[in-house]
Amino acid sequence: MNHSIRRVGLILGILVLALMVNINIQQVFMAGETRDRPGNQRTVLEEYDRERGPILVGSDPVARSIPTDDQYKYLRRYSAGPLYAPATGFYSALYGATGIERTENDVLAGTSDLFLVDRLQQLLSGRESKGGAVGLTLNAAAQKAAYQGLSGKVGSVTAIDPSTGAILAMASSPSFDPNLLSTHDLAASQKAYEKLESDPNKPLLNRPLVSNPPPGSTFKLVTTAAALESGRFTPSTIVPGPASYKLPGTSVELKNWQGTACGPGGKTTLTNALAVSCNSAFAWLGNQLGQDALRAQAEKFGFNMSFTVPMRSATSRYPTGLDDAQTAMSAIGQFDVTATTLQMAMVGAAIGNNGITMNPYLVKEIRGADLQVLQTASPSQFATALSPANAKAEMNMMVDVVENGTGSNARIPGVEVGGKTGTAETGPGRPAVAWFVAVAPGDSAKVAVAVCIENAGGRSEISGNGLAAPIAKNVIEAVLASQ
Amino acid sequence: MSAPTAAPQPTTDADDTNVHVPNRRNLELGLLILALIIGMFAYANVDLAVLGELPANFLAVGGIFALLLGGAHVAVRYLAPYADPFLLPAAALLNMLGLAMIRRLDLADQQRAERAEVKAPSPDVVPQVTWTALALVLFVVILFVVHDHRRLQKYTYTCMVLGVLLLLSPLIPGLGTTVNGANLWIRLGPLSFQPSELAKILLTIFFAGYLVVTRDSLALVRRKFLGLGIPRGRDLGPILVAWGVAMAVLVFQRDLGTALMFFGLFVVLLYVATQRRSWLVIGGGLFVIGAVLGYFAFGHVRLRVQVWLDTWTYANDQGYQIAQSLFGLANGGLLGTGFGQGYPQFVPFAKTDFITAALGEELGVTGFMAILTIYGIMIERGLRTAIAVRDPFGKLLAVGFATVIGLQLFVVIGGVTRLIPLTGLTTPFLSYGGSALVANWMMIAFLMRISDRARSPLPDGTVDASGRLS
Numbered sequence: 001m002n003h004s005i006r007r008v009g010l011i012l013g014i015l016v017l018a019l020m021v022n023i024n025i026q027q028v029f030m031a032g033e034t035r036d037r038p039g040n041q042r043t044v045l046e047e048y049d050r051e052r053g054p055i056l057v058g059s060d061p062v063a064r065s066i067p068t069d070d071q072y073k074y075l076r077r078y079s080a081g082p083l084y085a086p087a088t089g090f091y092s093a094l095y096g097a098t099g100i101e102r103t104e105n106d107v108l109a110g111t112s113d114l115f116l117v118d119r120l121q122q123l124l125s126g127r128e129s130k131g132g133a134v135g136l137t138l139n140a141a142a143q144k145a146a147y148q149g150l151s152g153k154v155g156s157v158t159a160i161d162p163s164t165g166a167i168l169a170m171a172s173s174p175s176f177d178p179n180l181l182s183t184h185d186l187a188a189s190q191k192a193y194e195k196l197e198s199d200p201n202k203p204l205l206n207r208p209l210v211s212n213p214p215p216g217s218t219f220k221l222v223t224t225a226a227a228l229e230s231g232r233f234t235p236s237t238i239v240p241g242p243a244s245y246k247l248p249g250t251s252v253e254l255k256n257w258q259g260t261a262c263g264p265g266g267k268t269t270l271t272n273a274l275a276v277s278c279n280s281a282f283a284w285l286g287n288q289l290g291q292d293a294l295r296a297q298a299e300k301f302g303f304n305m306s307f308t309v310p311m312r313s314a315t316s317r318y319p320t321g322l323d324d325a326q327t328a329m330s331a332i333g334q335f336d337v338t339a340t341t342l343q344m345a346m347v348g349a350a351i352g353n354n355g356i357t358m359n360p361y362l363v364k365e366i367r368g369a370d371l372q373v374l375q376t377a378s379p380s381q382f383a384t385a386l387s388p389a390n391a392k393a394e395m396n397m398m399v400d401v402v403e404n405g406t407g408s409n410a411r412i413p414g415v416e417v418g419g420k421t422g423t424a425e426t427g428p429g430r431p432a433v434a435w436f437v438a439v440a441p442g443d444s445a446k447v448a449v450a451v452c453i454e455n456a457g458g459r460s461e462i463s464g465n466g467l468a469a470p471i472a473k474n475v476i477e478a479v480l481a482s483q
Numbered sequence: 484m485s486a487p488t489a490a491p492q493p494t495t496d497a498d499d500t501n502v503h504v505p506n507r508r509n510l511e512l513g514l515l516i517l518a519l520i521i522g523m524f525a526y527a528n529v530d531l532a533v534l535g536e537l538p539a540n541f542l543a544v545g546g547i548f549a550l551l552l553g554g555a556h557v558a559v560r561y562l563a564p565y566a567d568p569f570l571l572p573a574a575a576l577l578n579m580l581g582l583a584m585i586r587r588l589d590l591a592d593q594q595r596a597e598r599a600e601v602k603a604p605s606p607d608v609v610p611q612v613t614w615t616a617l618a619l620v621l622f623v624v625i626l627f628v629v630h631d632h633r634r635l636q637k638y639t640y641t642c643m644v645l646g647v648l649l650l651l652s653p654l655i656p657g658l659g660t661t662v663n664g665a666n667l668w669i670r671l672g673p674l675s676f677q678p679s680e681l682a683k684i685l686l687t688i689f690f691a692g693y694l695v696v697t698r699d700s701l702a703l704v705r706r707k708f709l710g711l712g713i714p715r716g717r718d719l720g721p722i723l724v725a726w727g728v729a730m731a732v733l734v735f736q737r738d739l740g741t742a743l744m745f746f747g748l749f750v751v752l753l754y755v756a757t758q759r760r761s762w763l764v765i766g767g768g769l770f771v772i773g774a775v776l777g778y779f780a781f782g783h784v785r786l787r788v789q790v791w792l793d794t795w796t797y798a799n800d801q802g803y804q805i806a807q808s809l810f811g812l813a814n815g816g817l818l819g820t821g822f823g824q825g826y827p828q829f830v831p832f833a834k835t836d837f838i839t840a841a842l843g844e845e846l847g848v849t850g851f852m853a854i855l856t857i858y859g860i861m862i863e864r865g866l867r868t869a870i871a872v873r874d875p876f877g878k879l880l881a882v883g884f885a886t887v888i889g890l891q892l893f894v895v896i897g898g899v900t901r902l903i904p905l906t907g908l909t910t911p912f913l914s915y916g917g918s919a920l921v922a923n924w925m926m927i928a929f930l931m932r933i934s935d936r937a938r939s940p941l942p943d944g945t946v947d948a949s950g951r952l953s
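For the protein sequence lines, the chains are V and P, in the order given. The first sequence: position 285 = 285 (the working numbering), numbered continuously. For the working numbering, count along the second sequence from 1 and bump the result up by 483.
Simulated from the structure, these hints should not be mistaken for lab results. Every residue, glycine too, gets a C-beta built ideally from N, C-alpha and C. It is possible that some hints are incorrect.
[As the list claims (entries may be wrong)] Have a look at the derived ranges for each label pair, beta carbon to beta carbon: (1) 509/P - 37/V: 49 to 55 Å; (2) 17/V - 547/P: 35 to 41 Å; (3) 3/V - 782/P: 39 to 45 Å; (4) 940/P - 35/V: 54 to 60 Å; (5) 771/P - 188/V: 48 to 54 Å; (6) 723/P - 3/V: 22 to 28 Å.
[Unchecked claim] Examples of chain V residues lying across from chain P (beta carbon under 10 Å, computed): (7) 3; (8) 5; (9) 6; (10) 19; (11) 21; (12) 22; (13) 25; (14) 27; (15) 45; (16) 46; (17) 69; (18) 70.
Given the sequences, and given the hints that come with them, work out the whole structure.
Right, dumping it as structure tokens:
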């Protein structure tokens, strides 16, 4: 029997060997892949084991980790809840992370290569490792003004420093409280998330960056820039402004929102056409300039491009392949033109920054665990949208909109404010979108703001001035007061 | 029984009538002390890592284990002085590592209860230590009572009746309880008991006793087919009965692992007894038929296979256990997280079926390989005993016990590490559960009894050559 016993030994040996080979495969060769699989709580817990770095607005930690005595050692808390949610995002054991929590995770978690020396020191000294801090460009007062202004509405506000591209405010409404998702009570977290997901107003949507309805009449700023840059028009050029404009190749009459001509004898200056938001004049202008010139101008402001701020923005669109009627409609920000408030703030900012479009950014600096600054953002130019002279000219036209035209609600005593109202149709039976784009002060711009109210309800330029302009005004005042 | 290949080795005192055979009890003692040190180190490690302090009863526990293992060792010195010196330390080490992990999971349960502000569950390690003590006492009792393993052959059919009764007892209404979807427990008052664990010893004795008697007729070959000897039709009876019982266990108790283990054991013993490879082929064929039938006839078998093939799709429901197990193993990596540093409590049933996943996470692939190596040594010593012992019944019994350990190991660890579909079985010596622990220690006692027989000098003072193999 000994021969067959040895055979059995061989069989059992092979079985044990198979187990050994398999655990090496599972624990070593496939370990990385397994660790990264969704639903692996261990990876999340490992991150919770370290103190995650704070997200700072000024010196105020708007997101920070506090020690707890449950199985996750640190709890993520957001001091102002929904106010900064579009910037911070959330950090959840169940749903991962969004916003800065996600894009700057390697800094906050302390795994970035920036901390290589730091980590080595921690390893050698046995100190507990901590994540780094992320400083945001946001201006606390402007953010508050923007968020409070949106209270009860659906919409967004983005404010930019024209000279750098730094984002001073990015507010979304309705917003959400990230604390509800970062809680360690996973059942509560799940309930909160499901409620937010099913809300028809989509509170989890980061509207300043990704909601892109048609910009309506605020797009006339782009058309005006294209007109000035063409060399064929100046602010005082006389353009036709009848009560309506027959769209080329169709029998459709595009009416002015006022229902009347924009000037005596159906003619007006370009300045006045912008001031009263004259549809017939700008539709005509669109056909004079052509879709290619409009598109080229739009793209110099950042259209047809996604920006990484470091969250990725949705692309604001100026479409291709338009016929003449569509070109005319696109010149007044209708047809398939879409824009985020980030994009429209960039338009205002470029006009206020001598025609130079800056790349927008949200992260001002990265600090180590000891809060020592390790890296500072360096502003960069995206494109030259206008010559300095044309930028100055268009700035003056925008000031005229506020002082003599449709943007009266943005007036600030003692400050030259440039603005442009807008209202866009988003489809039959759907509420109109009210816009306001502003930049101030006129002589050396410190802030450009775009406000978009997505459930404006009313029609006409009145809602842009009535609903959106006051918010823009408050944001501008907040920025100017804090400087 | 084939003659040993090696000639008797001359020794320096070859001319003496009393040949000195080293009994190697001191080696066993040394290894036991090493196992005790490792076990107590693991205990200290767990408490230091989780609670930050050495357990207050550390010395007392160390003393108790020194006493238990020392007692077993002394008993072996008197009752089975020539027994294999590796089996006792290997089993003791695995037993203590299992206790350390159960303690570690107890602490995790306690902390969870504290967080939830509910009453902490009573620790499982306390009854398991009691079972360990009981198992070691039984180990000594077996060595004391069973002087000669050949006497067990008299109880061949008693063992069959008791074994089959035990195996089927969970089906008796009022006695059986369903745990995790399988009917493999019986409950007597406060004690729950897994009868298949004891049945595996009884049925091994039965298989060995039965095959010793019938092996000659079962080895008869009627004709050759494809180079294999095909047995006579009527000789197929026993294997078909064994297959039928295994299928019955699968159908009525929904216990794939037990069915697989018993059928595998029978086929292996049939092969060893007859030395006919055809039995392996026939057994393999019947296994494939049973597997295919099971797959198409039973939803739970089909589900197990689907979860195995496509674990990540089922990671949140039916495949949760195995997915968590793989997450844990991956987290452990090469060197492990260290005791108390991982999250083995995330794996459901970490103390029983999935205890090797817990050990793999916290001790890494390195520790897991070490554990598998200890099992490998245990199986190898069992087979070596089978080769060394002179009587065919003893050979079959020793092969049977080694095979039971090997198959059980493969089925449960293979399932936990996704080598094969998951089936429920406990890991020998490591898993929480009193009946399994007692049964496994009984098997070690029988193996040591057989090996003592194999290596002890013959009554006339000489040594049989085959007995020199150690």
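Here's how the hints hold up against the structure:
| no. | hint | result |
| --- | --- | --- |
| 1 | 509/P - 37/V: 49 to 55 Å | 51 Å, holds |
| 2 | 17/V - 547/P: 35 to 41 Å | 37 Å, holds |
| 3 | 3/V - 782/P: 39 to 45 Å | 43 Å, holds |
| 4 | 940/P - 35/V: 54 to 60 Å | 57 Å, holds |
| 5 | 771/P - 188/V: 48 to 54 Å | 51 Å, holds |
| 6 | 723/P - 3/V: 22 to 28 Å | 26 Å, holds |
| 7 | 3 | 6 Å, holds |
| 8 | 5 | 5 Å, holds |
| 9 | 6 | 7 Å, holds |
| 10 | 19 | 5 Å, holds |
| 11 | 21 | 9 Å, holds |
| 12 | 22 | 4 Å, holds |
| 13 | 25 | 9 Å, holds |
| 14 | 27 | 4 Å, holds |
| 15 | 45 | 6 Å, holds |
| 16 | 46 | 8 Å, holds |
| 17 | 69 | 8 Å, holds |
| 18 | 70 | 5 Å, holds |
Going down the numbered hints, you'll see the structure goes against none, and every one checks out.
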